[in-house]
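Colleague: Grab the two chains, each in its own frame, and use the hints to assemble them into the complex.
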Amino acid sequence: MTALAKNLADIGYMDTLAAGNSPLHRLDPRAKLFTTFLFIVAVVSFGKYEISALVPFFLYPVFLIGFGELPAGYLARKILVVAPFAFLVGVFNPLLDRQILFQLGPLGVSGGWVSFFSILTRFALTVSAALALLSLTGMNSICEALARAGFPRAFVVQLLFLNRYLFVLTGEAERLSRARALRSSGRTAMGFKVFAQIVGRLLLRTLDRAERVYRAMLCRGFDGNIPIVEFSRIGSRDILFVSAWSVLFALFRFFNVSLILGEAATGLLK
Amino acid sequence: MSHHIVEADKLHYSYPDGTAALSGVSFLIAQGESVALVGENGAGKSTLLQHFTGCLFPSAGVLKVGGLVAEKKNLSALRRAVGMVFQNPDDQLFMPTVFEDVAFGLRSLGVAGAELEEKVTGALEVVGAAHLRSLPPYRLSQGEKRAAAIAGVLAMSPDVLVMDEPTSSLDPLSRRRLMNLLKTFKHTKIIATHDLDFALELCERTIVIHKGVVTADGPTREVFSDDGLLKRSSLERPASLLHGR
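Order-wise, the sequence lines are chains A and B. Residues in the first sequence are numbered from 1 upward in steps of one, following this note's numbering. Residues in the second sequence are numbered from 1001 upward in steps of one, following this note's numbering.
One chain only, chain B, in its complex shape (with noise of 0.2 Å):
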């Protein structure tokens, strides 16, 4: 057994129309690691999220989550390891209220009566969105919904979280809360973003993906002070970090 939570060993991945989206992407996270996923848009970040839930199969290399092989006959130990919250909050709350949507991930485990009551509400309480319980999504201001997607992921106690652009479209003050909130999480984040300077906030590692290759693999800070490495990755210096040039 490895002390590591996931394993990606040199992952490739081509579209079946024959675009290459991963050519051998390797890295190693710890358990409770914070890291972020940058790269221009089209590098592959999207694909290889895809790869955590098992949406995407890698046609070479070995993906590994929790000791896990991503696999078929692994897969829904896998969905179980991995909360994956998607980039559009309305393509995650399918269901018809807030509540329900919560519950949906427990009630397929098997999870009823006052034991999922509790479970919802406390992961609503967690995100600050118990009052909206009752509400169906589309009554929802967007940072509402990306509240409700978090807490339906955070239900069922996932091991590591996978987030998708998880402050796109947010006003600053829900963006400023939702970083408050990932910042109380103790869970294991792998978060892809064009939010810089959120990744300098809330993760202390980054990987940058450029055409489907990692670039780059370190402390944050580091990564986004290398300005030739930025300008090949289609990335630029956050703003919070201009003034140390």
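Chain A with its partners taken away, still in its complex shape (with noise of 0.2 Å):
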């Protein structure tokens, strides 16, 4: 198995953990989809030296895996493994900005390093929020919340084609490339040429099956809406879940609370 074809059948293993029962589970998908948007939103606003406010923002995630029931050291790989991308965009914070924020003891601590910690911080509590969402939720309900939410319909459906046909691509692309490699007498490099052609095949044999998909679709009735999921209605358990956790990341946002906890503290031992 290639790599991409296992972090696939990983991203295949959350939805079967989607399928698990805990009582967040069984909360409504637009109740917890709502929510972690909320958590979204009050996260990425802070100020970009933000770093101490944040922190009590992961109570959210570890709750979610918590009481989800959720394998933590799973979904700490999976933030692993898109990690890069992040600290890709803070990276060159230190060396742009290098004005002194403050002094840890004898060292200088420059606002670049600040706004990459924040950035990190933020990236880890925006995904893995995301991710214990997808892994409670499963796709197919997340689109379907999406959808009642107003999302255009066009929108939610890609979503739900992509993550159908990704595994269908992948495979695609893994018996192309093993094609290729059984037959390059061990040379494991592609070369651009190679490689190009591969993706220019593997485009047409999409568009073919893109054609495909949509025949069988018109020969069952499609008619550009698709009917996912039903959804019971939504409960005081819902409610009780969405209002609660809103007060809290409205505490979390307009109060710092590690800053008050921590003065507390320091206020006893004084």
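For the record, the hints were derived by calculation from the structure and aren't laboratory data. Being a predicted model, the structure only gives us computed values, none of them experimental. Even for Gly, the Cβ is constructed at its ideal location relative to N, Cα and C. Hints may contain errors.
To be verified - A few chain A residues facing chain B, derived, Cβ under 7 Å: (1) Phe167; (2) Arg183; (3) Arg212; (4) Val213; (5) Arg215; (6) Ala216; (7) Cys219; (8) Arg220; (9) Gly221.
Modeller: Structural data, given as structure tokens:
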């Protein structure tokens, strides 16, 4: 199995997790989606030098993972896989922003380093919450929740199909690249020319397949709408979940809880 | 009203690049008949199948299914009447889970709630795939995918079942299971296949297509015993008919 195929099998595992039966799994997908959306908005709305105020927000992903009985190690590995992106976004900040913000003993900490760590913290927060949401809800329910929330239907259908055909596409890519490897007498590097041809081939196959899939859909009465999952009504537990977390997020957003707790702790020590 | 459920009268079809795929195909199929459609690669079988579901329309000639002329204005009724099972089940299973996939066509028709549940479960039970209902299609074996795809079509209770190479890439046991399953169906069946033993066992009648025209149409056993015809159509006697020579 190639690294790519392994990673995708892992994504499939998230849908398996979503079939779980914890109280969090049973919450209405809309409630979870909306709360996670609020969470992400709150987290990214902080100033670029903020770190300490972000820390309390870890409560939310930890809560989801803990009470949703999700495998934390697995999710942590998933976060690490995408971490290089966040790293690249922030890695030049220490070079560009050298103004010393505060002294840590003899060490002057520049604004660049602070904003870099702020980016990494936000990344860990948002991605862990999103992955936990996915593992608790499943792609299908998320898509339906998005559709109900008024997202354009075309967008939601695209997302569903991405989830479905990702596996078929990688299967095809894997077969193509294996066919190449078997006949290239041990040369491991693909070379740009062959790579371009394989990608081109893949595109053509994908277009063909898209046409066949579309025909299959038409044959069964597709009219532009994909009816997905039927939801039950929003219950009191859903409302409680959304409102309790909204209040907490507001609290974390407008008061620096870490600072207050820290000051209280040092006050007690005095 | 004729008692024929499928009527093809001098069907012609050319692809936009000018390739003539059908050049005057005519046949009549009665209710409940099981017909094999055989012919070499590129003979025009798949093109013909696409006409049944209104994915292509004839350039000339008329195709009628259940009294409906295959044309744009009858499209949705035509697609209700014809259940098409694609060659590659991955093309057909586009919904996230087996249950959702089988439910897709029904939901498009406005079926919901308990009735939906009942119909989907029923169709899955018929093909022996009830235990697969909550699985995503990429977790299924080829045989299971085929069963799920057939359930999706059965759930719509079509009048005519059209299948494109149903036994391709199935292991012998899955193939046997599929054959036993199809034997229990009372639908009118039109099956395009290269699996002549399959055709011999399942279809009392065979239509041979060669270069876009019908070169033979008759009882399967007779057609498959005509060596000259088989050779001209790039076919060969099925193994089970070799002893009889």
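Colleague: Next, verify each hint and record whether it holds.
Modeller: Hints and how they fare:
{"no.": "1", "hint": "Phe167", "verdict": "4 Å, holds"}
{"no.": "2", "hint": "Arg183", "verdict": "23 Å, violated"}
{"no.": "3", "hint": "Arg212", "verdict": "4 Å, holds"}
{"no.": "4", "hint": "Val213", "verdict": "5 Å, holds"}
{"no.": "5", "hint": "Arg215", "verdict": "5 Å, holds"}
{"no.": "6", "hint": "Ala216", "verdict": "4 Å, holds"}
{"no.": "7", "hint": "Cys219", "verdict": "5 Å, holds"}
{"no.": "8", "hint": "Arg220", "verdict": "4 Å, holds"}
{"no.": "9", "hint": "Gly221", "verdict": "4 Å, holds"}
The structure fails hint 2 only (numbered hints given earlier).
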